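**Student:** Letter by letter, the chains look like this.
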Amino acid sequence: MIEIKMPSLSPTMTSGSIVKWFVKEGDSVLTGDVLAEIETDKATMELESIEEGKVKNILIKEGEKDIPVGTVLAVVDDGNFINKKIETNKSFTENIDIKLMQDIKTSDNNITVREAIRDAMAEEMRLDDTIFIMGEEVAEYQGAYKVTQGLLEEFGDKRVIDTPITEQGFAGLGVGAAFGGLKPIIEFMTFNFAMQAIDQIINSAAKTLYMSGGQMGCPIVFRGPNGAASRVAAQHSQCFASWYAHCPGLKVVAPWSASDAKGLLKSSIRNPNPVIFLENELLYGQSFETTIDNETIPLGQGNLIKSGNDVTIVAFSIMVGKALSASKVLLGQNIDSEIIDLRTIKPLDINLIIDSVKKTNKLIICEEGFPFSGISSEIISQVQEKAFDWLDAPISRVTGLDVPLPYAENLEKMALPQVEDIVEAALSICNRLGN
Amino acid sequence: MRKPFSKEKTKVPLKRKSPGRPIKKLNNNLLNKNQLIELYKQMLLIRRFEEKAGQLYGMGTIAGFCHLYIGQEAVVVGMQSVCEPGDSVITSYRDHGHMLACGMDPKGVMAELTGREGGYSKGKGGSMHMFSREKNFYGGHGIVGAQVPIGVGLAFSHRYKEDGFVCMTYLGDGAVNQGQVYESFNMSALWKLPVVFIIENNKYGMGTSVTRASAGRSLAERGKAYGIPGTEVDGMNVLSVRQAGKEALDYTRKGKGPYILEMKTYRYRGHSMSDPAKYRTRSEVDAVRKQKDSIESLKEILQENNIKDDHLKDIDGKIKLIVSEASEFAEQSSLPDKEELMTDIYL
Chain A
1 MIEIKMPSLS PTMTSGSIVK WFVKEGDSVL TGDVLAEIET DKATMELESI
51 EEGKVKNILI KEGEKDIPVG TVLAVVDDGN FINKKIETNK SFTENIDIKL
101 MQDIKTSDNN ITVREAIRDA MAEEMRLDDT IFIMGEEVAE YQGAYKVTQG
151 LLEEFGDKRV IDTPITEQGF AGLGVGAAFG GLKPIIEFMT FNFAMQAIDQ
201 IINSAAKTLY MSGGQMGCPI VFRGPNGAAS RVAAQHSQCF ASWYAHCPGL
251 KVVAPWSASD AKGLLKSSIR NPNPVIFLEN ELLYGQSFET TIDNETIPLG
301 QGNLIKSGND VTIVAFSIMV GKALSASKVL LGQNIDSEII DLRTIKPLDI
351 NLIIDSVKKT NKLIICEEGF PFSGISSEII SQVQEKAFDW LDAPISRVTG
401 LDVPLPYAEN LEKMALPQVE DIVEAALSIC NRLGN
Chain B
1 MRKPFSKEKT KVPLKRKSPG RPIKKLNNNL LNKNQLIELY KQMLLIRRFE
51 EKAGQLYGMG TIAGFCHLYI GQEAVVVGMQ SVCEPGDSVI TSYRDHGHML
101 ACGMDPKGVM AELTGREGGY SKGKGGSMHM FSREKNFYGG HGIVGAQVPI
151 GVGLAFSHRY KEDGFVCMTY LGDGAVNQGQ VYESFNMSAL WKLPVVFIIE
201 NNKYGMGTSV TRASAGRSLA ERGKAYGIPG TEVDGMNVLS VRQAGKEALD
251 YTRKGKGPYI LEMKTYRYRG HSMSDPAKYR TRSEVDAVRK QKDSIESLKE
301 ILQENNIKDD HLKDIDGKIK LIVSEASEFA EQSSLPDKEE LMTDIYL
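Protein chains in written order, with this note's numbering: chain A, 1 to 435; chain B, 1 to 347.
Bear in mind the hints are in silico, worked out from the structure with no lab data behind them.
Computed from a predicted model, the values in this text were never measured in an experiment.
Hints may be right or wrong, so weigh each one.
[As the list claims (entries may be wrong)] Here are the computed distance ranges between Cβ atoms for each label pair:
no., chain 1, residue 1, chain 2, residue 2, range
1, B, S209, A, D162, 50 to 60 Å
2, A, S373, B, G255, 48 to 58 Å
3, B, G216, A, Q382, 48 to 58 Å
Cβ atoms here follow ideal geometry from the backbone N, Cα and C, with glycine treated the same way.
Can you build the whole structure from these sequences, using the hints too?
**Tutor:** Written out as structure tokens, the structure reads:
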């Protein structure tokens, strides 16, 4: 007996859906025959039989969604006896990571970050026909991470354009198109590949307005996933927030929630400046309740997402979720934390942080990126300049380690800032003060 | 249409002393006298402007990097003379000639060189970074080769807007070995974008001769792998440049995609003002000046076309006046206001 299980088909896939079964119980199958079509977080893929045999049971019906990786989908009788009891399919939702479930609320207004980004682009493209999207696999493939799904169908190949793998070239092309009166959205498959294009982003997009005495604005959005994904090692895992935030002429946005992703991307597209829009692959599949529709969120405004009196925790992008988890743990220790989501890195909403520090007198900054010259370093500098007298303790930061991101599961986890690290930092800062 | 990758050079004699040559043969564009005079004026303006810029640099009035175009005038004047007014232009940092050929005001260009508020970028860009939306001049780019994908992006915008215009993308022989140039060739050919790549081969990328830097037979062939036709052109002869430019523009304006023109030209001055030019002999420079100078060649044609010396002297005087007025303006214009320091960073 062969158990056909939900396979893991991408580094970030935790579950999949059965789109279609191509076999039914009793059918004979050969090695390589397509058994089913499975939809992952990135694509719709075919599941092939790995052995010859007869389909004995189909345990998960067509159309079932969010089946965890490893769940037995079907059993194929290959003539060999298997000394394992085949369980009928229990409620598979039991197996789903509890943490993931917490993020999935049951409102009609739930959308994923992935959908939010797609909707933002589609809504803006409907309003302004000078907007186009260009990048690798954005059109026919529907996006390497399915973020541009459906855009080709709606807007056609004039406005949704697949490029060759040529980052420096199409980043420069986008800049030229922006100079020429269009509003390009340039998708990098991930921001790791934007390093090939960073000269065009900084020297051409960011500086030309100044160098032209204000004549030559560059309304362009460079967007794509940023930061560590999952087990893809050093060249594909790093946060570029501080790289871009360092340069005058660029705006840098890094949303956490779906609403923010949507509202901020709409603002970024409308903004007349070059905007670096940093997404996060691990957030793409997360659902959030959206509160906005067709609305923009201004760049440069942070969001106080939880009030508290004991310590301020500042975070952006994926670290916001970790800060919220830490704050729940801290509540159990009688520490009431205040959580600020920066949302925009540049311009930085420093006043929101200062106001919070004046209330809590303690500050922790969370950042997935490397510690040296990071966003947290900048915030620490500004807070000590502007609110030194309000601080009761040295400012603490929780960041990635100063090391290329390792592949091994345990080492990767150690290198990235975790919920426990935030909890520990908060306990340390509060306990030393006798809270 | 000239055959792609043809090694054949345009047959216009370059030697200065060749009396009795029929004008019609030389003047294969069949320009009238006034049109020939206009080309002459423009080339002379660039020459005199650049000579003045060199002087101002020597006096310390112009600082930083300053790359003079002297010797290459026929390329940009010839090409721009066959453009349409809506065609866009982009080039590298050796850009003063291009701006003048696009019709930008010499005063504004010179005042930018001196870093004054009257400059095209209010003194904040300098020699390498000037722009004029009005004249469709998109810079002025200081990073070798970076203007090439941007030029392809301008061509993309022409196609997107269906305005029928072409982007004239100039690059030097030093830029042709940058990877992004080939990324640009590929995309422009793939999508048949309206762009003409004009490679100004002045024989030296800074101090390295093209033969020490570039493999292959000809820079005109660098687009061969992408199916982009290329032609070598005598870039010291403004009429050859015009002829080749017309053919290239005709090709790309018809929607057939990009075209490469390799302009064989020469810069008389160093790469920048601080270049001691030890990589070539004085006799090499003198030989080109004496035998191939684009302005002298055209002057000869004008003389053969019965333009009187007095008329030419008159032109010379008017050009000198324009340049001296530009330099006066550039020296008298104020330094930018302190308030300008932190403006124009964001819109």
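**Student:** 50 to 60 Å was suggested as the range; check whether the CB atoms of B:S209 and A:D162 agree with it.
**Tutor:** 40 Å, violated
**Student:** A range of 48 to 58 Å was offered for this pair. Does it hold for the Cβ distance of A:S373 and B:G255?
**Tutor:** 49 Å, holds
**Student:** Has the hinted range 48 to 58 Å been met by the Cβ atoms of B:G216 and A:Q382?
**Tutor:** Since B:G216 and A:Q382 have Cβ atoms about 54 Å apart, the given range 48 to 58 Å holds.
Hint compliance for this structure: hint 1 alone is broken.
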